[in-house]
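Residue-level listing of the chains:
Number of protein chains: 6
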Amino acid sequence: MFSLTVCDHIMIAHSFRGEEFGPAQRLHGATFAVEAEFRAEKLDHAQLLIDIGLAKTELRSVLDTLDYSNLDDHPLLRSINTTTEQMAFHIHGLLATACRDGRLGNGGRAVSSIKVLLRESPNAWAAYEGAVA
Amino acid sequence: MFSLTVCDHIMIAHSFRGEEFGPAQRLHGATFAVEAEFRAEKLDHAQLLIDIGLAKTELRSVLDTLDYSNLDDHPLLRSINTTTEQMAFHIHGLLATACRDGRLGNGGRAVSSIKVLLRESPNAWAAYEGAVA
Amino acid sequence: MFSLTVCDHIMIAHSFRGEEFGPAQRLHGATFAVEAEFRAEKLDHAQLLIDIGLAKTELRSVLDTLDYSNLDDHPLLRSINTTTEQMAFHIHGLLATACRDGRLGNGGRAVSSIKVLLRESPNAWAAYEGAVA
Amino acid sequence: MFSLTVCDHIMIAHSFRGEEFGPAQRLHGATFAVEAEFRAEKLDHAQLLIDIGLAKTELRSVLDTLDYSNLDDHPLLRSINTTTEQMAFHIHGLLATACRDGRLGNGGRAVSSIKVLLRESPNAWAAYEGAVA
Amino acid sequence: MFSLTVCDHIMIAHSFRGEEFGPAQRLHGATFAVEAEFRAEKLDHAQLLIDIGLAKTELRSVLDTLDYSNLDDHPLLRSINTTTEQMAFHIHGLLATACRDGRLGNGGRAVSSIKVLLRESPNAWAAYEGAVA
Amino acid sequence: MFSLTVCDHIMIAHSFRGEEFGPAQRLHGATFAVEAEFRAEKLDHAQLLIDIGLAKTELRSVLDTLDYSNLDDHPLLRSINTTTEQMAFHIHGLLATACRDGRLGNGGRAVSSIKVLLRESPNAWAAYEGAVA
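Protein chains in written order, with my numbering: chain A, 36 to 168; chain B, 36 to 168; chain C, 36 to 168; chain D, 36 to 168; chain E, 36 to 168; chain F, 36 to 168.
Looking at chain A on its own, in the form it has when it is part of the complex:
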């Protein structure tokens, strides 16, 4: 199995609902360093999994829908807790759609699964990995 990973980051505000969150119930924020790993069984005729330039551009485009915002106001996210694991899942969905829609080229269509990992601090991170189809 081959994989190609590109990284970028977002800076967001949010708050959590539920006593188990303790002080994180207050409005606070995070830098999420985002690692998007694309997996495929084979490389193409040019020895590429996907075009790395396209991958960076598309990841940036997905992250632009979240960057410099308060996730508590996001139409799709305001009714849930935007935990790190939940945000990994959310970004996974957007990147999987990008693959299926051809925005990552032919290589993207051949991607079998994607793992999205978000680092919230030097000592905690979360990820979601799932199929593209």
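Check each hint, because a few of them may be wrong.
Put simply, identical chains are the same to the list, so a pair is met inside one copy or across any two.
[As the list claims (entries may be wrong)] Derived lysine-lysine pairs resembling DSS-like cross-links, with alpha carbons at most 25 Å apart: (1) Lys91 - Lys150; (2) Lys77 - Lys150; (3) Lys77 - Lys91.
Don't read these hints as lab results, they were simulated from the structure.
Here the structure is a predicted model, which means the values were calculated and not measured.
With chain A held as given, fit chains B, C, D, E and F onto it using these hints.
Only chains B, C, D, E and F this time, still in chain A's reference frame:
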């Protein structure tokens, strides 16, 4: 598959038995940076895999049984070589028990597997990954 | 010149005022990984610059005044932009006071200068370095 | 499942063929930080997956066939694009052979799979993972 | 003293002349992770050292003159060895000019010195630090 | 001012004397990741500060006197606490001698100062910086 990882570290002394260990047969030591990755198929109603506060507390509690000690004197470890891979296995066992015993809450009971990775230096690390049940 | 550095982090929300900030004028947030470097010409009789346990405790104590909050609401910060460089300066002031007040022990009183560095993302950080006295 | 990872790096020149590569069609270069992860179900009688000294020596030996060279001139690689994912595959093949040939000792013969990950920059990397047999 | 640092990277080919370079006399390459640290005594009215967006854009613009190229063919560099320390000096000169020319805004004109650090591998880096004026 | 830094690491056991050390009074250990930074005002005729190969070899040679040992038994160190800051000072002395003795070539004789930084864990490190002469 979702995962949540928390990190901490221990500083231990130990020595190895067997010619293949060369200079590491002498009493020496290591800082083990420990990454504990908890995996589960689903998040709970609050979009959490496990309570990250509980995870950090329980990891610290497990590591306190090893930190600032000479592993050659540890009751459970003194008859074996405390290689990095063996220590990953040892810590995995302690964290799996914590999940089963409910010390990581309901989230912990839903964890399907744990991966424990120990970095012994900037260019070498080892891990053990296994089911919780 | 000797130095000792301890690290911790905070997760905050904030927004900036001024057109030059572009999208960062919106409410967003950051994880600031904080490195506090204490400098002194000499070590003490026990070969310590400062007690590292005290240093970590005091840094945590200083950061607790900021962690999990919206800096736009902070009594001392709400009238200014809480840029990364400004926050390094703010934390420097709190740590310098801790040294002068003896909260870092005798070692802390011998610290000549402190450098506080805040990483806001994998590719940007800021610092303030200044005398303690 | 246990794993042991050792790291090293190479500094190479190369160029790519195909319009999709854009400016990377020009002769340029890369530092590839190489992480070789060896996996096995069990540790040996000495609690080792493989001898870490042998692993570092053998990885270095494999990388010496590539280091400080122009990959465009390499007999086995000059007719293909030496993308990061392709180089991970190439190094995987050399390490798998080393395991099968006994150059990594009895531990190496028990390795079930190897993952080779190459970091080409702080925000992009690629890997190939496959069986040894 | 305040400082603000932004990072980016380049991927270049080059070779060295002189027996002391050993195998690095052959055409090879490097990923240089570049850290540009701007220093100033004061922040401006908006609590900024320099506009971080401008800093990233200008660093990128400077690095574009080097990225994806063979430094042995560079008009200004082909008669010298493009060692990591020499490249730090070269990039320092370009950034100092950008500050003096106003391309980093008023903040850039107030920068007193710049430190440029280039990481050539996980275990080696070089830097040049000097005044802007 | 130019600088060149090379890195390596050691794995040692030790214990501390004095109540202020708390649990670190027990025999324990550490991986010290060592960064040796050599500084000079000028580069030589070949655009080198020092020969990086020599620097790595000499750092390794210095670290071999400490690696895989119990510092409590070291002839020069057994009567003092081998704190991270003290070990930075100790290694600095050995590298400064190497420069003065010509073991780092002509470049080494032109080094004005050395900074030795030891990382003891992901969130604590210490350094000593001083002149060579």
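Results for each hint:
1. Taking identical chains as interchangeable, the C-alpha atoms of Lys91 and Lys150 lie at most 25 Å apart whether they share a chain (15 Å) or sit on different chains (24 Å).
2. For the homomeric pair Lys77 and Lys150, the shortest alpha-carbon distances inside one copy (17 Å) and between copies (15 Å) are both at most 25 Å.
3. Within a single copy, Lys77 and Lys91 get their C-alpha atoms as close as 20 Å, which meets the 25 Å cut-off; across copies the closest is 28 Å, which misses it.
Figure legend: structure checked against the earlier numbered hints; every hint is met.
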